[in-house]
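All chains, please: the whole structure from these sequences, using the hints.
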Amino acid sequence: MDERDTLLEAIKSQEQLRGSVPDDVIDATIAALEERLVALEQVPTQRRQMTVLFADVSGFTAMSESMDAEDVSDIMDTVWRRLDAAIVEHNGTIDKHIGDAVMGLWGVGSAREDDPEQAIRAALAIQGALTQMAAEDPSLESLAVRVGINTGPVVIGEVGTAGEVTVTGDTVNVASRLESAAPVGGVLVSHSTYRHVRGVFNVTQRPPLEVKGKSEPLVTYIVETVAPRPFRLPTRGVEGVETAMVGREQQLAALQAAQQRSAADSASASVTIVGEAGIGKSRLLYEFNEWLSLAGSDVVVFRGRADQQHQGNPYGLLRDVLAFRFDIADDDPADVAVEKLTSGVTEFLGESAVDQAHLVGHLMGLDMSASPHIGHILDDARQLRDRAIHGVTQLFGAIADRVPTVVMLEDIHWADRATLVMGQKVIDACADKRLFVVAAARPLVFERVPEWGTGPRDVRLDLEPLDADAAAALTDEVLKRAADVPTELRDTIVARADGNPFFVEEIIKMLIEDDVIEAGDDEWVIRQERLEDFNVPATLTGVIQARLDRLDAAERDLLGRASVVGRLFWDLAIPPPVDAGAESIGEVHRLLKVFEDRELVWPHPGADFVGTEEYIFRHAVLREVTYESVLKRLRRSYHRSIAEWLASRAEAPGRAAMIATHYEAAGAPAESAEWYVTAGEQAQARFANTSAETYFGKALEYGDLSAADRFRAADGLAEVAMLGARYDDAVSALRDAVAAAEETGSVGDQARALIGIAFAMLREGRSREASEVAADAEARLRAQADPDPGMLSEAIRGSASVLLRLGEITKAKERCEEALVLAREAHDLREMGRCAGLIGAICNSLAHYDEAAERYAEALEIDRQRGDRRAEAVWLIGSGELSRLKGDYEEAAAQLEEALEIQRSIGDVDQEALTLSNLGGALMGMGDFAAAIDILGQAEAGFARAGGSEHLSETKRFTAQAYLGLGNVAAARTAADEAMQLAVEDENPDHLGHAWRVKALLATAKGKPAGEPFGKAIELFAAAGMERDAAVTRWEWSQADADKSALRDEAIQTFNSLGLSGFLARISPDQ
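Counting from 1, position 537 in the sequence shown corresponds to residue 545 in the working numbering; the numbering is continuous, with no gaps.
No wet-lab data here; the hints were simulated from the structure.
One thing to keep in mind: the hints can contain errors.
Below, in silico cross-link-like pairs of lysine-lysine (BS3-like), each with a Cα-Cα straight-line distance of 30 Å or less [stated by the list, open to error]:
# : residue 1 : residue 2
1 : K1052     : K1024
2 : K640      : K601
3 : K1024     : K819
Across the chosen pairs, the derived CB separations fall in these ranges [claimed, not checked]:
#  : residue 1 : residue 2 : range
4  : G358      : V192      : 37 to 47 Å
5  : R425      : A678      : 19 to 29 Å
6  : D31       : E526      : 33 to 43 Å
7  : S223      : T86       : 41 to 51 Å
8  : D530      : G358      : 53 to 63 Å
9  : D273      : E224      : 17 to 27 Å
10 : G177      : D440      : 53 to 63 Å
11 : G732      : H384      : 49 to 59 Å
12 : G358      : E144      : 28 to 38 Å
13 : D440      : D145      : 50 to 60 Å
14 : G358      : E232      : 23 to 33 Å
15 : G358      : E833      : 38 to 48 Å
16 : R425      : E859      : 28 to 38 Å
17 : D587      : V307      : 51 to 61 Å
Note that CB positions come from ideal geometry on N, CA and C, so glycine has one too.
What follows is the structure in structure tokens.
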């Protein structure tokens, strides 16, 4: 029973005493009780922060002229019920109706952080409701509504003799004036409302509005729509006082000009804002975003922030950027996240781009295992990575082609390397698009990722400390509510801050927390008597530490524990105290609210983990100082607690690197190593090989892993080394993998590692050793009672590759045919395609051209069925090479150009170089020598970017022949010498034979004897069973030496027997 009920009950009891107690006594008692009751029911006058909305409906008069009065009354009642409902549904309160207007309030019971946002959403809902009603009833088409909204302090209390409760004050008056000034059908809001909803709505700034009673015009904004991806931007300042940016006007103008040039010139560009912590990078980005929001131009904006916790997550920054734009929450179920991403990508690339969306989703770390578009190539990390990056490039290119596009990135010094390298590629590839990237970073970003910011239109914008005048102006700006700022206080702040804006703000916050400054709602007072005894620490760290020391023990302890999670943290992840029982979640939230009020942390939109609330330390330096204040023995305990919490979550698999680092910091090497293995495999699946190598290396270094996990880590390390052409490292890691597999008893893993060793040795030119290792793998598999036919096929195909390199081509074909039978038995489509394609290549070398065509067609059909476009291009390259060898150069060029088109459509830059080399050979055969040299130069550059290639010798000899065709003997000789050197190094009889053949052609061009090099070439080709190439060399020798007509006849006979009609037509039209 509350006090009111108690009083009413007491009055009732007094009445029942009449007759036994004198009436005057009862009357006096009841009067006193009633006086108390009246006082209790009166609403005390209060001053409170509220948001006030006025909405006026016009058009009632015009509508009512042709309608019955009763019908008009009914319609007005319906209209107001619908419009009032929009206010109530958005947590507002109806204050009153005044004629054709309604007044709504937010913050009556208790103020909420999103009151201004809800008021604006209610205004847009009112407009929408009226539009819908007009669509339902055409007689309402003349109705329109205009709305004014203001936020600020109001007085709430009783007015009039009836005791009606309402709000009054300047905030209410301004809201009413805004409604009057709003355009019909528009929503006009004050700056005091707008500052609470930055980033949530699309707005247009209006000319300054003169308001009676105001000394200065009001800054106002028309609200257009809800932003496609709402992102609330916190107000910049101290104690809720919004401050202007000081001392960075030139840098802001430079950013604005760079973006405008990019849009006007249709040319991509980037600006990296560089500076140390607290220097003002984020503030400059904030002001640039403000300018974009209010510029009124049609711009698509992407935003992303990197943080140290997610640095180990490959393409984590990409995920943040796309999640922001396409409204993908971290706790969205996988199918929902994929749907949102697909919808966003296809909006710009068309409905046929679902596969592109799924590729990008895989790169972001979404589970795409069930995707019908890419599920069949999930075991090809390089193809997935290349095609996904190509998809990202197409996405940003399509958007920037349609509308100027701005990507804003914060703290990229913490970004994963993979995203930044990809980002630079996207910027470069969109050179003729209106794409503008602005990023904030500490200088170390250029050490971590030297590739960043290297484009021709990329600019580095260094922020230096503010000079003394600017620092003083900033101090005055922050203290603008103080009537009189002592000169010595300003000078002390400027001297201590050393031009660092964050330092200025932290000093002033410390002064407020020590009651040197009393920060009232309207006015700040500087207490001179306390200032005299106040000492400002000399460093930013000292100031932050002083602020932390002013927290009570419980507050300081919780903030310290939160800092162990990271700059970004979650309420449920904060570890419990070591020496006390865990506090309730309610207590945690209470303390987090204290930190919000003191501007130490901010709520952060979205959450990585379902059912949690996410927060972020206001500044990275603040988190770092807080973390360093936690005792090391406690830190280890807290890190373990956090790791265990992360590992227990359903989202744990996608946070493997984060879990591993927490276990590492906890001094738990075994657990850390296990999670580093998982993190390495996740990175490897996205072809983020630098990260993968780091994680696998840490796993093997830190923990006493099980044999199975050692195999996973060593095998992963070897794959990364192979991709980096570090074959010695790959062999070493694979030998460790073999040893681990022998411990587990897995013959399949042993064979897989041995096959890998064989291929690595083959790449190094250690063909004999490779042959022995491949034979060992096969023997181990055959020793099993029921060997896996797919694995056995892979081992035998490895042996065939070795035999091919050694020039034992016939044996290589026999072994590869054996492998194909086993692959078919295993129904392993991928292995079937590889075997068929290799047989095609072998048949090319043997001049079995009809069979080669059949095998290439088989491989092409298999991989088209699998949807493996990278492999599809490979087999088109093989078919093109087949046509070139037959002398059908035009057909070869067409097939190779088709392969090139596929490679460029999926971003397969690695294989593109080989295609260009073969295309150069076809053009050379067609006699288009200048075009051949250009294409071959592109191929050579591609091989160089990839770290070299076993095909480079062939590219060089094509180049030598093309230069000979142009009569440039000197250039031809240089290329021929390089071709010979490379052929000797890789011991490939095909390349070595052609290198000698080109040497012979060069000697002929110089008028020198060429018998020896021609003879060596024919000897090598004959030994390798390469009839076609031997015949070509015989014919060329016969053309150089008239005494060798027998060689000409022999060559033509071979051409006829091989069916090389195209070649015959070119070299001897009469045949």
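- List, from low to high, the hint numbers that the structure doesn't satisfy. Per hint list: 6, 9, 11, 16 violated.
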